[in-house]
Amino acid sequence: MRNFNSAHEKDLEVLSSFLKVEAINSLNFNDALICAALYGRLHWDNISGFFGDDGFEKELFAKWKHKLPRLSAKEMRGGRPDRWCHVLTRVYSYGGHSRLFKQLCNGLADHGISQSLIVTQKATADVLRALPDHLDAKSVLKGTPEHRACAVYKIARTASTVLLYNHPDDIGTALAARALREDGVKVLFVNHADHVFSFGPGAADTVLEICATGWATSEQRRSTNAQHFMGIPMVSASADKIATRYNRSGPILSIGGPAKYKPTSSLNFPRFLEQLLAVVSNDVVLIGPSKKDPWWADVLAKYPGRIQLLGIQPSEVVQTEFQRASCYVDSFPMDGGTVFSEAVLNGLPTFGPNRQSALGISPADSLRCEGETQLISDVAAYLKGGECSLDLVAVRNRIHQDFTNLAAVERVLEAAAGVTKALPDYLTQLGNRGPDYNAHNWRQDAQLHFPKRAWRKLSLRKKLKIWRSASHLDLSTSTVKKLKHRIFFG
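Letter by letter, the sequence shown follows residues 195 to 684 of my numbering.
Since the hints were derived computationally from the structure, they do not count as laboratory data.
DSS-like cross-link-like pairs, simulated, lysine-lysine; straight-line CA separation at most 27 Å:
(1) Lys332 to Lys651
(2) Lys316 to Lys214
(3) Lys646 to Lys675
(4) Lys659 to Lys259
(5) Lys336 to Lys316
(6) Lys486 to Lys316
It should be emphasised that the depicted structure is a prediction, and the values quoted were computed from it without experimental measurement.
Build the full structure now, drawing on both the sequences and the hints.
What follows is the structure, given as structure tokens:
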């Protein structure tokens, strides 16, 4: 075994290898899918610089593809109508991933394309009611992982094109996609979680890339059949351009998932706020984070009443806060994808760090500065009445030109027709973040993040086998203890 720099790196390698073997050697398809999903979740949560395992997917598919209810020769000869099927693991009322799907759905409808939706895990009734009206059918799957994988194949096999937006650990969808592709269905993988490990890129005819770093990561660390620039559809083609608003008295706004603000040694959002609020009088509104995250405690205590942590909020609240805000500051150390550009589109002066390690996701990345010190200086200078030196108009115009829902859909239609489109040069120049950016932070964090609930779905036989094996694995004592607990209690 190779040498490791820390216990959590070694534990990741040992536990990962163990789960992979358990998946391959499982005696039933359900246990194989669950062990594989745990393997995927382990690498999704621990961003170590490992982004895919196409060989593992192929091995699982070869062993279990007989379980998928394949088309008969007569059905294969029948042809397929020009109908598209979207496959998502989950649909949410918030976040950029679900908005991306909705924008593509609306754009495809403008082309008169018939569409359906499969949700492989979960969607509430309220979320389903809020989905676009253009969907002819909506299927929310239930049952075992085996049943869901088979259902994805059975439902989607009548489509001409399938768009995958699966969660990184959704191995059932990835295997179903391989069967669909063998049967002649065009499979396009939307690389919406391009900064982490994911199942599925190698199962698709083409990987639809959304940013420069994602493109480079797929090129260097994933197995793909083809890559094609899609970009994120950020605005409706019919939307009016909103002029920049210079409301310097409103709150400072930032939006992002709670984990995006977890401090590292080099970038620390609470520390940034602590220094900024000492020199400006504006309050702060954070959508996404909550008080239960311990890193907010000190700055909340130092500035009581000036910082609102609103947690996850629906789009209506987000729009209200865009209207009230004086400016927008991107989340960090993990920056925003869609929302950074949305702030520009909503007329806000927009600030963020990571200029030298930007994703290259949109023209908005040109608005970034070098680090916290410069960020504090720029935001404070603007709020105190200084001129906004950012070229917001040029950025906004470029987004309206290249990142409308119709522009993105045109590129998706090209991919479906077998055309490949390279990343625009200006995004390549902006996107200077390497694939190991998040891996560096994970190594500094020195913590192994553990999958939770999926263990409970394993058969009793498989649970007992893993429980007995745990003590014999070359794992740290704390990881063995946690593994044994997770197997039966999640």
